[in-house]
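K.L.:
Protein chains in written order, with the numbering used here: chain E, 1 to 328; chain H, 1 to 256; chain P, 1 to 328.
One or more of the hints may lead you astray.
What the hints assert, rightly or not - Each computed SDA-like pair below joins lysine to any residue, with the alpha-carbon atoms no more than 20 Å apart: (1) H:Lys-108 / P:Gly-208; (2) H:Lys-108 / P:Val-211; (3) H:Lys-108 / H:Asn-162; (4) E:Lys-320 / P:Thr-188; (5) E:Lys-185 / E:Gly-261; (6) E:Lys-236 / P:His-38; (7) E:Lys-256 / P:Asp-93; (8) H:Lys-254 / H:Ser-240; (9) E:Lys-236 / P:Arg-50; (10) E:Lys-256 / E:Gly-238; (11) E:Lys-185 / P:Gly-208; (12) H:Lys-108 / P:Leu-183; (13) E:Lys-214 / P:Ile-212; (14) E:Lys-320 / E:Ile-237; (15) E:Lys-214 / E:Val-145; (16) H:Lys-108 / P:Arg-186; (17) E:Lys-54 / E:Pro-70; (18) E:Lys-183 / E:Pro-211; (19) E:Lys-214 / P:Gly-43; (20) P:Lys-213 / H:Pro-115; (21) E:Lys-325 / E:Gly-296; (22) E:Lys-256 / P:Gly-91; (23) E:Lys-185 / P:Val-292; (24) E:Lys-214 / P:His-38; (25) H:Lys-118 / P:Arg-186; (26) E:Lys-185 / E:Gln-174; (27) E:Lys-175 / E:Thr-153; (28) H:Lys-75 / H:Asn-162; (29) E:Lys-320 / E:Asp-142; (30) P:Lys-203 / H:Arg-228; (31) E:Lys-106 / E:Thr-302; (32) H:Lys-75 / P:Ile-212; (33) H:Lys-75 / P:Gly-43; (34) H:Lys-108 / P:Thr-188; (35) H:Lys-75 / P:Leu-206; (36) E:Lys-185 / E:Arg-147; (37) E:Lys-27 / E:Glu-86; (38) H:Lys-118 / P:Ala-184; (39) P:Lys-203 / H:Ser-73.
Keep in mind the hints are simulated off the structure, nothing from the lab.
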Amino acid sequence: MLSQLRKVLAASALSFVVATAAHAADKHKVAFVPQLIGIPYFNAMEAGGNRAAKDLGVDFVYSGPVDTNPVDQLQIVQNLIDQGVEAVSVSVLDASSIAPVVESAKAKGIKLFTSDSDAPDSGRAVYVAQATDEGLGTTIIDELVKRVGEDATIGIVSGEATASNLNAWIGFMQKEAAAKYPKLKLLAPQFAGGTAERAAQISGDLMAANPDIKAIIAVASSTCPGVAQAIETAGKIGSVIGTGYCSPNTARSYLKSGAFGFTVLWDPEQLGYLTVWAGKQLIDGKSFEAENKIAGLDKPATYDAAKGILLLGPPAVFTKDNVDKFNF
Amino acid sequence: MTAPFLVARNIGKRFGALTALADVDLEIRPGEVLALLGDNGAGKSTFIKILAGAHPPSDGELLIEGKAVAFASPKDAAASGIATIFQELALSENLSIAENVFLGRELKRSIFGIPFLKRAEMRQRVDGLLQELDAHISDPEAPVGSLSGGQRQAVAICRALNLNARLVIMDEPTAALAVAETRKVLALTRRLAGRGCAVVLISHNISEVLEVADRIVVFRRGRKVAERLAAETNHEEVVSLITGAHPDVRALEKTN
Amino acid sequence: MSAVRQSGSGVFSMNGREWSLLVACLLAIAIFSVASPHYATQGNAVTVLRNSIELLLIGLGMTLLLAMGGVDVSIGIVMGLAAIAIGRILGADGSPFVALVAGPLVGALLGCVTAAVVVLGRVPAIVGTLGLLGVYRTAVFALLGGQWLSGLPSSLNDLLATTVLGIPVPALVIAVAYLIVWLALRRTPYGLHLLAIGNSEEKARLSGIPVIKVRFLTFVISGVLTGIAATFYVATYRNVETSIGSTSALDAIAAVILGGTSILGGRCSLLGTVLGVLLLRILQNGLLLIGVPSLWQPVVTGVLIIGVLGFEAVSNRLPLTRFQRAPA
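Start from the sequences, fold in the hints, and give me the full structure.
P.N.:
Written out as structure tokens, the structure reads:
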């Protein structure tokens, strides 16, 4: 039944593409294929893409799989190539299998690039990146020091000990603390696995074991609710600040209750905007500057020519004051 | 002589082309121990499976207290008062004696519609049964798995009695037992008959059979070939009946 | 080891394993109290007990399943699905009383589904529930649509974090659940039938036990207990994440085995399960408080289980001998 549903959705997505193509044949067409449609994160990227399309005078096509199936995703990309869009961006599900599709796009003179999730060795035109590991790691420490001072004990609750991106972020936190704030005491990271339940238990235990603790960082998004709940239950709102890499929807109630002081992530709406802007640049045959000031974005996007990475800029910081502007 | 509890008339059983049993006539009376003897494949097992309701007979009929019966399942046979104690005892090793004796037919009282076990009463009934059978078990609360083979036979017999069995079929009850244990089980068998129960005993041990049984029926090649009162026969005659060397058997097999 | 008695004469009569576990719990508490000044506090004791609630409830059901010779590895995700139902009701500002009924109800329904597959479909429990684990997990993803339920109102918690006659509601619920399961197991025909099935399904059938009915009912009871666990989960964490319950089934099985219930069925200890859960939670909490990284905690649990079962196997000489023979 699910596969049938998928076929129906794919069919309707295609007819949408055809209709749009017939409607405005004169405009450039930029497409984005997310990992999964129907979730708030990619909905936000779609909204940013639509805003950019309006500002820049291009057509934006948004189409993706109904579950995170790499084969379905590649088929959608191939269909878009066959239908004659001029630039396609993909949030790659399986980096190892996209190279043939890149070849096929190149053969037709279509620009294929990646956004949000990369396939570095695929021959893609550019990778539109949301944030660097270093940016995420240093931002959270800098923001924390602003709130709790340099002389503080800070706990770290991560998810799986095997998650390389989470470990990279923790590495940059420790580097930043050692380089800029010698008095800051980062406790050894604790690993909660994937459940909020375990994250809450560990956070509670961390507060019991370290009465002088000033903040707890939820590294994996799955640990955000657990950390916040533990701070609330322990009655430590105000004396312990929770933070982490948590989306505004996940963290909203904790930011408002005060269990969380702030969270750090990027804004997918801006990422969607940058994606369409990059697509237009590629179609127009323009190259990227080291720093690109774009009218529709808050901050300039930087370009690393060696790695072929167009970076959205420093990560976004969400607080109780701005959280309601976001929905992802 | 008392009226028979069960009468088998012309019972036959075929499995496809194979005739496992033919023309068996037999009467089983309350209070007597009837032993079935015969070589492997002589038809004893097939016959008791028909009595126990595990196989329907192909020919003939069974009468219980004069009325014809047809068993579709072992449950039907049990409802008619026939209990079978298999070689592999169907006891739950992890449960106590009383729990085993009453398993599936527990005594219960209803509290707010929920059935609760009447543990004390079950225990009392089992103690009484064990006493009647003169079976001594030092720790009645111990799991049956910790009991000896003979004690387990006693539990199985208790279970049969508790099901109000009027005919108890015992399939090789002493096969796996030590000498002392065997004596106890044979004594149990007699006491069972003493309570007015009909007992059908299957055994390969002729001296054991002669000691405990009232009547002996010999099966050979799917037929009943002889019937003797235990008091009127001896070891040698029984052996010759089983092997077919006895003149009566020869005469019978010639006519067939 | 002396012959194992099934029918304890009272709710609180204890066997050897139960004593060992109690001693282990007390020993662990004593060691942690000496090693960390933050350990022996009232707050920490409450934390440990609080962290045990869900596992206690799921563990009681798992005890029945294992005693019956069954198992349910999908039970954690059943908790997740029940939690989604509760979360949706709370999220729509529904009555917390409705939410209170939803958990056990969804648990019972899913118990019926599991029983239909395993009992009516005659699939071995480990195979059937492994299959259902995949189905249920996908259902969790589909129902959550990639987005967690978070920031749920605290109305349910307000209801459950109270006391009745000075006793905290969670303690009361656990006590009542324990008493009901104990009575069912030790004082009703159902309990006898369950243990007989666990010993040998074939013999149970020969004894005239309604095997299918008893097995079906047991899966439903386990589902209901899990639904109650989900209620406490949502009340406390006010959050349902996609990975909810992913470790619960194995944690519960570990605690139940630790408590002296046979993985081969036929023998069980409810008190042992309770002590097993408490020991696991005491160790998890205490190890972190004395500074052992959380990464090492599963190792401690694993070693403990292998140690206990290994010791028993050696002391019994024959690993699978379940009943000591008394001298004839």
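K.L.:
With reference to the structure, classify each hint as holding or not holding.
P.N.:
Against the structure, the hints come out as follows:
For a cut-off of 20 Å, the pair hint linking Lys-108 (chain H) to Gly-208 (chain P) stands: about 16 Å separates their Cα positions. Restraint check for Lys-108 (chain H) and Val-211 (chain P): satisfied, since their Cα atoms lie roughly 19 Å apart, inside the 20 Å limit. Distance restraint check for Lys-108 (chain H) and Asn-162 (chain H): the Cα-Cα separation of roughly 15 Å lies within the 20 Å cut-off, and the hinted pair is therefore satisfied. Between Lys-320 (chain E) and Thr-188 (chain P), the direct Cα distance comes to roughly 56 Å. Violation of the 20 Å bound is thereby established for this hinted pair.
Under the criterion of a C-alpha separation no larger than 20 Å, the hint pairing Lys-185 (chain E) with Gly-261 (chain E) is consistent with the structure, at around 19 Å. This hinted pair checks out: Lys-236 (chain E) and His-38 (chain P) have alpha carbons roughly 16 Å apart, not beyond 20 Å. Distance hint between Lys-256 (chain E) and Asp-93 (chain P) is fulfilled; the C-alpha atoms sit about 18 Å from each other, no more than 20 Å. Distance check on the hinted pair: Lys-254 (chain H) and Ser-240 (chain H) sit about 16 Å apart at the alpha-carbon level, within 20 Å; holds.
Distance hint between Lys-236 (chain E) and Arg-50 (chain P) is fulfilled; the C-alpha atoms sit about 17 Å from each other, no more than 20 Å. Pair hint Lys-256 (chain E) plus Gly-238 (chain E) holds up; C-alpha atoms about 12 Å apart against a cutoff of 20 Å. Of the pairs offered as hints, the one joining Lys-185 (chain E) and Gly-208 (chain P) is violated, with about 68 Å between alpha carbons and a cut-off of 20 Å exceeded. In summary, the hint linking Lys-108 (chain H) to Leu-183 (chain P) is supported, as the alpha carbons are separated by about 14 Å, within the 20 Å threshold.
About 57 Å separates the Cα atoms of Lys-214 (chain E) and Ile-212 (chain P), which puts this hinted pair outside 20 Å; it is violated. For the given pair, Lys-320 (chain E) sits about 14 Å from Ile-237 (chain E) by alpha-carbon distance, which is consistent with the 20 Å threshold. Distance restraint check for Lys-214 (chain E) and Val-145 (chain E): the Cα-Cα separation of roughly 10 Å lies within the 20 Å cut-off, and the hinted pair is therefore satisfied. For a cut-off of 20 Å, the pair hint linking Lys-108 (chain H) to Arg-186 (chain P) stands: about 13 Å separates their Cα positions.
Taking the CA atoms of Lys-54 (chain E) and Pro-70 (chain E), the gap is about 30 Å. The hint is violated against a cut of 20 Å. Among the hinted pairs, Lys-183 (chain E) with Pro-211 (chain E) is consistent with the structure: their alpha-carbon atoms are about 17 Å apart, no more than 20 Å. Distance restraint check for Lys-214 (chain E) and Gly-43 (chain P): the Cα-Cα separation of roughly 19 Å lies within the 20 Å cut-off, and the hinted pair is therefore satisfied. Restraint check for Lys-213 (chain P) and Pro-115 (chain H): satisfied, since their Cα atoms lie roughly 15 Å apart, inside the 20 Å limit.
Our distance criterion of 20 Å between C-alpha atoms is met by Lys-325 (chain E) and Gly-296 (chain E), whose separation comes to about 16 Å. For the suggested pair Lys-256 (chain E) and Gly-91 (chain P), the alpha carbons sit about 17 Å apart, so the restraint of at most 20 Å is met. At most 20 Å may separate the alpha-carbon atoms for a hinted pair to count; Lys-185 (chain E) and Val-292 (chain P) meet this at roughly 17 Å. A hinted pair counts as satisfied when its Cα atoms are at most 20 Å apart, and Lys-214 (chain E) with His-38 (chain P) qualifies at roughly 17 Å.
Taking the CA atoms of Lys-118 (chain H) and Arg-186 (chain P), the gap is about 12 Å. The hint holds against a cut of 20 Å. The hinted pair formed by Lys-185 (chain E) and Gln-174 (chain E) meets the criterion: a straight-line CA distance of about 9 Å does not exceed 20 Å. Proposed proximity of Lys-175 (chain E) and Thr-153 (chain E) is supported: the alpha carbons are some 16 Å apart, at most 20 Å. Taking the CA atoms of Lys-75 (chain H) and Asn-162 (chain H), the gap is near 15 Å; set against the 20 Å cutoff, the hint holds.
A C-alpha spacing of about 18 Å is found between Lys-320 (chain E) and Asp-142 (chain E), which places the hinted pair at or below 20 Å, so the restraint holds. This hinted pair does not check out: Lys-203 (chain P) and Arg-228 (chain H) have alpha carbons roughly 36 Å apart, beyond 20 Å. Distance restraint check for Lys-106 (chain E) and Thr-302 (chain E): the Cα-Cα separation of roughly 25 Å exceeds the 20 Å cut-off, and the hinted pair is therefore not satisfied. Restraint check for Lys-75 (chain H) and Ile-212 (chain P): the C-alpha separation of about 17 Å stays at or below 20 Å, so the hint holds.
With a C-alpha separation of about 60 Å, the suggested pair Lys-75 (chain H) and Gly-43 (chain P) falls outside the 20 Å cut-off, and the hint is violated. Only pairs whose Cα atoms come within 20 Å are accepted, and Lys-108 (chain H) paired with Thr-188 (chain P) is accepted, the gap being roughly 8 Å. The suggested pairing of Lys-75 (chain H) with Leu-206 (chain P) holds, with an alpha-carbon distance near 9 Å, which does not exceed 20 Å. Restraint check: the Cα-Cα separation between Lys-185 (chain E) and Arg-147 (chain E) comes to about 15 Å, which is no more than 20 Å; the hinted pair holds.
For the hint linking Lys-27 (chain E) to Glu-86 (chain E), the alpha-carbon distance of about 10 Å falls within 20 Å, and the restraint holds. For the hint pairing Lys-118 (chain H) with Ala-184 (chain P), the CA-to-CA distance comes to about 13 Å; that is within 20 Å, so the pair holds. Pair hint Lys-203 (chain P) plus Ser-73 (chain H) holds up; C-alpha atoms about 16 Å apart against a cutoff of 20 Å.
Checked against the numbered hints given earlier, the structure breaks hints 4, 11, 13, 17, 30, 31 and 33 and satisfies all the rest.
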